[in-house]
Amino acid sequence: MYRIVKKKSLNPTVTLMEIEAPLVAKKAEPGQFIILRVDENGERIPLTVADYDREKGTITIIFQIVGATTEKLNHLNEGDSLHDFVGPLGVPSHVEGLKKVAVVGGGVGCAIAYPIAKKLHELGAEVHSIVGFRNKDLVILEDEFNAVSDKLCIRTDDGSYGDKGLVTDALKALIDAGEQYDEVIAIGPLIMMKFVCKLTKEYGIKTVVSMNPIMIDGTGMCGGCRLSVGGETKFACVDGPDFDGHLVDFDEAMERATMYKDFERHQYEDTCNLFKKEVK
Amino acid sequence: MANMSLKKNEMPVQDPSVRRRNFEEVALGYTPEQAVDEANRCLNCKNKPCVGGCPVAIDIPAFIAKIKEQDFEGAYQIIHKSSSLPAVCGRVCPQETQCESKCVRGIKGEPVAIGRLERFVADWHMAHNKEEVKVPKQNGHRVAVIGAGPAGLTCAGDLAKRGYKVSVFEALHTAGGVLVYGIPQFRLPKEIVGKEIDNLKAMGVDIETNMVIGRIESIDELFDQGFEAVFIGTGAGLPRFMNIPGENLKGVYSANEFLTRVNLMKAYKEGSDTPIQHSRHVAVVGGGNVAMDAARCAMRLGAEKVSIVYRRSEKEMPARLEEVEHAKEEGIDFHVLTNPVEIVNDGNGFVGGMKCVKMELGEPDESGRRSPVVVEGSEFILDCDCVVMSIGTSPNPLIKNTTKNLEVNRRGCIVTQDDSGLTSREGVYAGGDAVTGAATVILAMGAGKSAAQAIDEYLQGK
Ligand SMILES: Cc1cc2nc3c(=O)[nH]c(=O)nc-3n(C[C@H](O)[C@H](O)[C@H](O)COP(=O)(O)OP(=O)(O)OC[C@H]3O[C@@H](n4cnc5c(N)ncnc54)[C@H](O)[C@@H]3O)c2cc1C
Ligand SMILES: Cc1cc2nc3c(=O)[nH]c(=O)nc-3n(C[C@H](O)[C@H](O)[C@H](O)COP(=O)(O)OP(=O)(O)OC[C@H]3O[C@@H](n4cnc5c(N)ncnc54)[C@H](O)[C@@H]3O)c2cc1C
Ligand code: SF4
Ligand code: SF4
Ligand code: FES
Ligand SMILES: [Mg+2]
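Top line first, the protein sequences correspond to chains A and B.
The numbers in UniProt numbering rise by one with no breaks, and the one at position 199 of the first sequence is 199.
The numbers in UniProt numbering rise by one with no breaks, and the one at position 178 of the second sequence is 178.
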């Protein structure tokens, strides 16, 4: 079984958990993900390896509560176990050889961006992190990013923390001020990644994005996670999740992410009702 | 007294108008009386032509003779000498092109219903046998099996019987391979597969799920951990698409995705957290068993209409005859000599129809099948709101990409030296769909068996 050894709320909608999974912890690299099932009837959901501890044999996941399964997951506590936990999946991020990188994170995407920023920092690269959130209450991993970044810009949509504005504006300002990046790594909502890529394309800066389409098996067996990249079909779970952002068809990806919207809303409401009953 | 009826004893089945909306098993199985009556049709031919049609050479007349004597357990023991999954093969083997195609009774009339008899015997054994599984004496050697489909499970079972300590590593959260994620409940109840797996566990086989070999451990690391031989039975699970416009619209599935959601994730059941689209009119592209299964699942999910779209004629369909017949009885439409060219957007990013062309059969190609050619100006739109692509699969490249010096062919299939399943790497064996490309349960099982034998010889000779 995969025991939860630590649980911590990072903000009202984002939770961190450390899960006991020694074999996964032995192998995991930044950029890879796991798939878990909360219980026997649960769906399989992918979450990024936010951190790992090879000695302790644990994997850290950071998830945003957006629907039924993440809601259920958030109701588990330290000492409880997950039914299934498989990984590490996907191709690790390519970080070798980079000297100066802008890491752009949006919302819970920061949890995915952080291990990459950390790895780059460990490899001696100059890291500029630009992280964006809707408001002050939703800011996560500030200290962590601070520790691994040569420069950290925090943006909120409403200006309640850091500077008001979008991460794309911050990135543009840095580039215009003369910063020269080998690469931009952008991880966050699809719409954010799309606009980061639009910007960096104008400047001709290579940009890597981490894609998060709907997955089931995560082994290349179902093709449900397919994306169009440079006119070719790619399976995000085995060919990615990292791709050259200038080649990704974001509009198609955004469409596909809404495939089960009605089912998901219904399921979320049911789950919330269920927990309200239990709480009483 | 031989039963000279030209027809097989009919298989009792659930009424088509009822079963098309439920996931219960379609075929209900022979009663002992029906089984004995059918067994009496067998002439116990001296030269046993039927045996030549069975890939694992079950002694068919011998087991049928036991049924005639009503010694059903005796019949089981004969089958079990050659096959470890008779309850599965009796249900899903394409008998009409294998054992039954060679039966002399088939020359005038219908062949003996060998598959149905095999199923009867296996089910009888499961229901009546109370004997505990014996734990074989351990010989101290360890073997790793990758993939818990019929190939891997058979190899593991045969090695365990010989005293090996076997660990089976399976990528998914449930063991069984295609038997659990692909073939639906109404054709192969999951309890049957579950029982086989419980038997393996009782024999001391470790089944480790959630282990994607190539990611969590490589084959070389398995050797480092003390496994002395490895069997690769990872199947052919990589889905093909047609590469036509509109294929990434919402509502276009690979058959693997559709069937996995329905079978493995039980999306058809209330209370499953896994979503599936409940569509009005589902078009399934392809003509194999997989296509029939997808179509019949779609019908059971409540579709008003389900169409099979196949580019050759019905005669060329690779699906088992019985599945085609069952699908038709359940009201599935067949559009043969029809090929999709584009999937149409409904304006909201979902499937709104499928543009198809009519085909006609041209000259036979190298496989002897007449290849279809497009009829000019025959374009039409098939009304549908969901498309399931069921046009074939190939082996997943993960093992190849993470194992040094493992030879594969142009199609990504692992190359083996001979029937033993030995690959280009010492101590590494492979079998089943991973070697042959998508084939059948019985061939996968047979390959697992031969490899177990070869691994035993290899390790005993070391
Ligand atoms: C490689 C990868 C890494 C990810 N890493 C993280 C992470 O570190 N932290 C995090 O909070 N989220 C991450 N996600 C997204 C996370 O998987 C979804 O938020 C989660 O599955 C939602 O499940 P739900 O039932 O709670 O919500 P639902 O209400 O079911 O879904 C909400 C939305 O999440 C997406 N989603 C739903 N099911 C899946 C699925 N099976 N696979 C992928 N997306 C789905 C859909 O776009 C959907 O509209 C990652 C996704 C991928 C593909
Ligand atoms: C829908 C459908 C219907 C079918 N109907 C019939 C039928 O009626 N009759 C018939 O004879 N045949 C049928 N077949 C074909 C038959 O099921 C296959 O030929 C057979 O299952 C192949 O067995 P296998 O053991 O080689 O592989 P599989 O059954 O594919 O099993 C391979 C297993 O390996 C696992 N795996 C893959 N990669 C890894 C990895 N890297 N690490 C760990 N595990 C891994 C997979 O998850 C899977 O569980 C059907 C197939 C499908 C898809
Ligand atoms: S295993 Fe298949 S081919 Fe062999 S006798 Fe049984 S049904 Fe026929
Ligand atoms: S060929 Fe037919 S009749 Fe002859 S032994 Fe085999 S099953 Fe019986
Ligand atoms: S999740 Fe099934 S192929 Fe990627
Ligand atoms: Mg969900």
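Please keep in mind that the hints were generated in silico from the structure rather than gathered at the bench.
Treat the hints with care, since some could be wrong.
[As the list claims (entries may be wrong)] Across the chosen pairs, the derived CB separations fall in these ranges:
| hint | chain 1 | residue 1 | chain 2 | residue 2 | range |
| --- | --- | --- | --- | --- | --- |
| 1 | A | Asn273 | B | Ser424 | 36 to 46 Å |
| 2 | B | Gly437 | A | Gly57 | 37 to 47 Å |
| 3 | B | Val341 | A | Gly230 | 57 to 67 Å |
| 4 | A | Leu247 | B | Phe241 | 54 to 64 Å |
| 5 | B | Pro16 | A | His94 | 20 to 30 Å |
| 6 | A | Tyr203 | B | Gly368 | 52 to 62 Å |
| 7 | B | Lys137 | A | Leu247 | 56 to 66 Å |
[Unchecked claim] Listed next, the in silico EDC-like pairs over lysine to aspartate or glutamate satisfying Cα-Cα at most 16 Å (straight line):
| hint | chain 1 | residue 1 | chain 2 | residue 2 |
| --- | --- | --- | --- | --- |
| 8 | A | Lys27 | B | Glu221 |
| 9 | A | Lys99 | A | Asp137 |
| 10 | A | Lys234 | B | Asp220 |
| 11 | B | Lys269 | A | Glu40 |
| 12 | B | Lys266 | A | Glu40 |
| 13 | A | Lys26 | B | Asp198 |
| 14 | A | Lys27 | B | Glu325 |
| 15 | A | Lys164 | A | Glu126 |
| 16 | B | Lys400 | A | Asp262 |
| 17 | B | Lys266 | A | Asp239 |
[To be verified] Not close to chain B: a few residues of chain A, all C-beta gaps over 12 Å, as computed:
| hint | residue |
| --- | --- |
| 18 | Lys7 |
| 19 | His83 |
| 20 | Pro189 |
| 21 | Ser228 |
| 22 | Thr258 |
We treat Cβ as the ideally placed atom computed from N, Cα and C, and that holds for glycine.
Comparing the hints with the structure gives:
Checked against the hint of 36 to 46 Å, the pair Asn273/A and Ser424/B fails, with Cβ atoms roughly 57 Å apart. For Gly437/B and Gly57/A, the hinted distance range of 37 to 47 Å is satisfied, since their beta carbons lie about 39 Å from each other. Judged by the Cβ atoms, the range 57 to 67 Å given for Val341/B and Gly230/A is violated: they are separated by roughly 23 Å. The supplied range of 54 to 64 Å is broken by Leu247/A and Phe241/B, whose beta-carbon atoms lie about 19 Å from each other.
The supplied range of 20 to 30 Å is broken by Pro16/B and His94/A, whose beta-carbon atoms lie about 55 Å from each other. Distance hint for Tyr203/A and Gly368/B: a CB-CB separation of about 58 Å, consistent with the stated range 52 to 62 Å. For the pair Lys137/B and Leu247/A, the supplied restraint of 56 to 66 Å holds, since their beta-carbon distance comes to about 59 Å. Annotation: proposed proximity of Lys27/A to Glu221/B holds, straight-line Cα distance about 12 Å (limit 16 Å).
Distance hint between Lys99/A and Asp137/A is unfulfilled; the C-alpha atoms sit about 33 Å from each other, more than 16 Å. About 28 Å separates the Cα atoms of Lys234/A and Asp220/B, which puts this hinted pair outside 16 Å; it is violated. Taken as a hint, the Lys269/B and Glu40/A pair is honoured in the structure, with Cα atoms around 13 Å apart against an allowance of 16 Å. At roughly 11 Å between alpha-carbon atoms, Lys266/B and Glu40/A fall within 16 Å of each other, so this suggested pair holds.
This hinted pair does not check out: Lys26/A and Asp198/B have alpha carbons roughly 30 Å apart, beyond 16 Å. Between Lys27/A and Glu325/B the CA atoms are separated by roughly 49 Å; this puts the pair beyond 16 Å, and the hint is violated. Only pairs whose Cα atoms come within 16 Å are accepted, and Lys164/A paired with Glu126/A is rejected, the gap being roughly 25 Å. With a C-alpha separation of about 40 Å, the suggested pair Lys400/B and Asp262/A falls outside the 16 Å cut-off, and the hint is violated.
Taking the CA atoms of Lys266/B and Asp239/A, the gap is near 27 Å; set against the 16 Å cutoff, the hint is violated. Against the 12 Å criterion, Lys7/A stays outside the reach of chain B, whose nearest CB is about 21 Å from its own CB. Chain B draws His83/A into its interface by the beta-carbon criterion, the shortest separation being 8 Å against a cut-off of 12 Å. Every CB of chain B lies more than 12 Å from the CB of Pro189/A, the least distance being 18 Å, so the non-interface label holds.
Not every beta carbon of chain B lies more than 12 Å from that of Ser228/A, the smallest distance being close to 6 Å; the non-interface claim is violated. Its closest Cβ contact with chain B, about 7 Å, brings Thr258/A to no more than 12 Å, contrary to its assignment away from the interface.
Checked against the numbered hints above, the structure violates hints 1, 3, 4, 5, 9, 10, 13, 14, 15, 16, 17, 19, 21 and 22; every other hint is satisfied.
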